[in-house]
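Student: So you can see what is in the structure, the chains are spelled out below.
2 protein chains.
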Amino acid sequence: MECSCSSLLSSNSMETIYSTQFSSFKPLFDLKSIPKLTSFKGISAKACYDTCVPKKGLSSIDEQQLGAADLVYHVNGKINPSFLTRDLRILDGFDDEYGGVIVDSERLPANPNVFASMLRFSVSHWKAKEKKAIWLKLPVEKSDLVPVAVKQGFEYHHAEKGYVMLTYWLPEGPSMLPANASHQVGVGGFVVNDKNEVLVVQEKHCAPSFVGLWKIPTGFIDESEEIYAGAVREVKEETGIDTEFLEVVAFRHVHNVAFEKSDLFFICMLKPLSTRIIVDGHEIQAAKWMPLIEFVEQPFIQQDSMFKKVIDICIARLGGCYCGLSVHQLPSRFDGKISTLYYNCIDN
Amino acid sequence: MECSCSSLLSSNSMETIYSTQFSSFKPLFDLKSIPKLTSFKGISAKACYDTCVPKKGLSSIDEQQLGAADLVYHVNGKINPSFLTRDLRILDGFDDEYGGVIVDSERLPANPNVFASMLRFSVSHWKAKEKKAIWLKLPVEKSDLVPVAVKQGFEYHHAEKGYVMLTYWLPEGPSMLPANASHQVGVGGFVVNDKNEVLVVQEKHCAPSFVGLWKIPTGFIDESEEIYAGAVREVKEETGIDTEFLEVVAFRHVHNVAFEKSDLFFICMLKPLSTRIIVDGHEIQAAKWMPLIEFVEQPFIQQDSMFKKVIDICIARLGGCYCGLSVHQLPSRFDGKISTLYYNCIDN
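Note that the protein sequences, when read in sequence, are chains V and E. Take the first sequence: its letters are residues 1 to 348, numbered as in UniProt numbering. Take the second sequence: its letters are residues 1 to 348, numbered as in UniProt numbering.
The shape of chain V in the complex, shown without the other chains:
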């Protein structure tokens, strides 16, 4: 299996950037000496022509200047003006370090028919070059190209607000492409003050079973946000309380939560640095410091094995009978990133 820590397709991995020889239009062949073509893999129509009567020199033709009417070729005895103007161009792209090609999203043709021809030819070309995969990122403004790519065998890989990523696995056999992100990540902040009161909230918008219950502040971490930072941020946003991250005391793993994805939820112990609550009225109905005993004795905690265990752990941590995972930033040479490592203390 691929190494899960490698930076696949991040900007770091694009070690070889190239523009193909076809990025500005240059015909594949010298037309004056062109042999009889019976079929050309990738070209949208079979072509066989006996005479070629180019109107312009074709050693170098600028794409923008080239109009379909400018070139007239006799193909199979019929005039096919668009044949050599569009179909024999490769889409611009870059090599990745795994033998794949990343199509340049910024140089895609807008016209779906032009794109269809170029895509077909490009796929054929890259297959002949024994490339492994094609990554095709279509920005939202190029949504017309989506059905074109799908009909030529591209598969959806993932999508974000501004684009959809499609892929094409070229070799025989099952695709070896890495999967998309599979997990959402949430954090909860367990904050207890020196009066043994825990910081709790009632949410405004929540599942019916949660209405009216007092719970610890929770939420998803933001894109590229650290778990320790997300926990502190959520508590701050929901209650106005400043905190310092101490440890991840436990984490929960559950599946099929949303869109068949999984959920990792990190329960974090935070130390309060302020006392005055300011409620985020957009999300939160109310927030307060609640005596720990009263919080623990809520029926929804007492009757739920998982909630009860989590609170037991937090209380043990408060009492010094439990050690969770503290956070450390460490550089790593193999991918050049500073990453965050969560681990327990080592007894000497």
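Warning: the hint list may mix true and false statements.
Because identical chains cannot be distinguished in the list, a pair is counted as satisfied if it fits within a single copy or across any two copies.
With a straight-line cut-off of 30 Å between C-alpha atoms, the simulated BS3-like cross-links for lysine-lysine are [stated by the list, open to error]:
#1 K131 <-> K204
#2 K271 <-> K309
#3 K132 <-> K236
#4 K131 <-> K215
#5 K132 <-> K161
#6 K204 <-> K127
#7 K129 <-> K195
#8 K132 <-> K271
#9 K129 <-> K308
#10 K308 <-> K204
#11 K204 <-> K129
#12 K161 <-> K129
#13 K204 <-> K215
#14 K151 <-> K236
#15 K151 <-> K161
#16 K151 <-> K271
#17 K127 <-> K309
#18 K308 <-> K161
#19 K161 <-> K131
#20 K131 <-> K151
#21 K215 <-> K132
Hints were generated in silico from the structure; no laboratory data involved.
Starting from the known structure of chain V, arrange chain E on it as the hints suggest.
Tutor: Same frame as chain V, but now just chain E:
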């Protein structure tokens, strides 16, 4: 912030399933007494008609039987036969428990023009009903509908191999829809036998900096797979060695690894249950039991702060000086799921 543990849009959350009154074609109005329509929000063209001359009774019309030529209406003095045959139908959908609508992917029209009209009318209808969001899942065979939806203001939310999900946030203000999965999750198995040898592999396909290095077996967990199960599986697949999961000793968090997503990597301590190595020739170049000292002394470990710390932790765990997070399965009533909780032992 939304509760990260709620099962949003899973099959459990579809508490109310309904078919709209428009799922089989029924005209919106009784045409004989129809008032003058000046504009109708959601209809693709303004319509105002003085006389309606239906050819057939319209109290109930089967969609398949209805052809555009069968109904002739005078609209603004002009004949518009398609006006009432297509545009006044709502797409089939279900309510979710958050005030949103989930469009039924299995009952989408195939024709993009029909879909465009229905979508426009449906959005208008749901907006009038004060719905919060529309979830539109377009299977790959309906890729023609993607640009239609995008041009009507739908945004990409996420995609998987077989579909792309688009959303439309209806109220004013920023979208409150939950984000897509943001993390890939990997596991590594640290397996040491009773001769103090660690199980290591050399990968066939890896980043250039990894070629020839001996590393612990690693890989991504599968969809809906448990971390503890994934670690055991990866070791088994790569080396043929059976193991038993003991603990998560630490985890690493890094960002911008692939497609701007983040990576969580769980280092797992596993106890070997067999000794005979069988290499997975597809992925692995070689595998062996390597003396722990020799493994630790590899330059790429010694020179890398993160790798060195991880190995130090594993060795401490072997020596009984370290306690990681062990795995427990606990039911939870609030979402009806059995979930996996990883936590340390509590000192009594």
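Student: Let me make sure I understand: some of the numbered hints might not hold for this structure. Which ones are they, in numerical order?
Tutor: 7, 8, 9, 14, 16, 17, 18
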